[in-house]
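Student: Chain by chain, the residues:
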Amino acid sequence: MAANGQSFYELYRRSSIGMALTDTLDDLISERRIEPQLAMKILANFDRSITEVLAEKVKARLTFKGHLDTYRFCDEVWTFLIKDVTFKMENSSQTVQADKVKIVSCNSKRPGDPQ
Amino acid sequence: MSNKDVGTVYQQIIQDVVESSRVDFEEGGVDEHVLEELKLVSLSPFPHVCCFRRCTDFLISKKFLIDSLASAIHSEVLASARELWGDIGSLRCCLREGQLPLAGVRARVFAGGRASGWQSKLSQLGVATFPWDPKPEPQPAIANPPTVPSNAGNYQSMGTPPINQSQPGLSMPQISNGPRIKAEPGVESPHNMNQPSTYQQPMPALQNVSTAQQRAAAHLQQTYGSRATASINAIQSGGQPQHLQQNGQPNMQQMQMQMQQRQAAMQSQGQGMQQRSHVTQEQYNQLMARNAASRMQAAQQNGQHAQNPPQVSNGQGQNGQYQGPPQTDGPGDDEESFGVIQQGGEVMGRVEIDSLIRAQIERNGRHMEGGGLMLPLRKASASQSQRQLEQQRVRQFQAQNRGLGERQMDGGDDDDVKAEELDEDAINSDLDDPDEGLNEEEDEDEGMGHIMLCMYDKVQRVKNKWKCVMKDGVLTVNGREYVFHKASGEYEW
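Residue numbers (UniProt numbering), protein chains in the order written: chain A, 1 to 115; chain B, 1 to 493.
Don't read these hints as lab results, they were simulated from the structure. Keep in mind that this is a model prediction, so the values were computed, not measured.
Rough simulated footprint, nothing fancy, chain A against chain B, three-plus residues with beta-carbon under 8 Å:
# : region
1 : 11-19
2 : 25-32
3 : 452-463
4 : 466-474
5 : 479-488
Glycine is no exception: its CB is placed at the ideal position from the N, C-alpha and C atoms.
Work out the full structure, taking the sequences as your base and the hints as a guide.
Tutor: In structure tokens, the structure reads:
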């Protein structure tokens, strides 16, 4: 889904790497070292970059089980709040447990996408 | 479940973003080194950060700390200043002890000082191990560095008091010690309120700031040699809680002895304001102290405490000239009433100075926010009441500046209840119900919540059974981060 001129989800800006970038850009802007427009471009680059890298470089698979507490589907975005969730990485017997996890999930097939 | 991929994946993303942003930087007419700063650790205004990072003993010079604070104040970033504030409290104790804790505090100081670029901010979140991280994250016990060796080196060449005290990244502030003879435990001063073994020559008070702690350290040094002392100190500091308790007691017998004697001195000194100010007056007015060891010691101790706080409050320049000695036997018990600084005839305690700085920082931050315009609305109302509290606090402080009384140090009253009452957004709709599941998540978004960001391939439901296939996701859970290509989930509602 890396067609030219296509926009990418801004979803991943909420991840730690995205937050770190946003923070840094905020600092640079508040120091007046870069313009906000430039920061927006960088964030757009980030959106594209993380989408591509996640799609191309990451091979890990995982499964998870839990109790669905809340679900919401709005504007093609699924939001789940799952409680007592257990994540299990394939190729590894280890599991990770959490009281709750929020899942924010965008449609992998964008409307108008040829796929 | 391992997340060792995360580091390399993120590194690649960062590289990718930096490369693709290069042309945008050029088009925007922004120098390329800003791009590097974006990626890495910002160099200015902390030129010594880099060498500091490479420093193996993990000591932070006071200068760095103060620069950070000054920068935080100047840039008026309330959040970072607040964070830094928390660190300063503990760091100052460390500095007084001559010890610096933990990489954690160090990392937070980096953030608080806003010296962070993308990578270091990311590292600071600690969600994974990154390729650019400094290799070993030191264990706290090891990271508590012994400080005596550097002091000991100083001790050897005692004949020439070193003047250059402001070497950034240096493990310890160099104190201009007066000529000293090694401590002899067991020798009691004729004035029982003072430490034994005060053999110093009278020196100008601002220069001669040696303390019982240093002499104790020097004594250890003499007894055990530098390496032994180092390890002993490491053990000692390892025995203390990381967060610099108020009542930390060193393990060493010698240290305890010194400590007790110091406490005795403190108690007798803390007897009254009269006596304190008398001593201070003497220190500042008669720079040449008397030969009497008791006098000298009292003046020196006041000198020590008087010199630390102004560093923080001034926060810029000429720090080196006022380096106080590190305190190696744990923080004093009653320092709050003990530490004094003379300011235009008034006597200020460390606590007052701290609150002065804090008030300044918060004022600046509020100024920048335009009175809460940049806050979420529900917090803006809270900040109103905070401002009132703030004014009250300042008044309190001013009043106590004269009275030198006890003051509330655990922050203002809790605002949370007020904030809820003042929720002006509420329109009495069901959607306002704060107990509803997804709404309560909003609060956690500010911190590191448990969140999975991904794309869905398939979401199916049969009755109350859900099956989802997600892909290309980032999962943050329990403070760790994982990336995945595909994730399948099953859960029932």
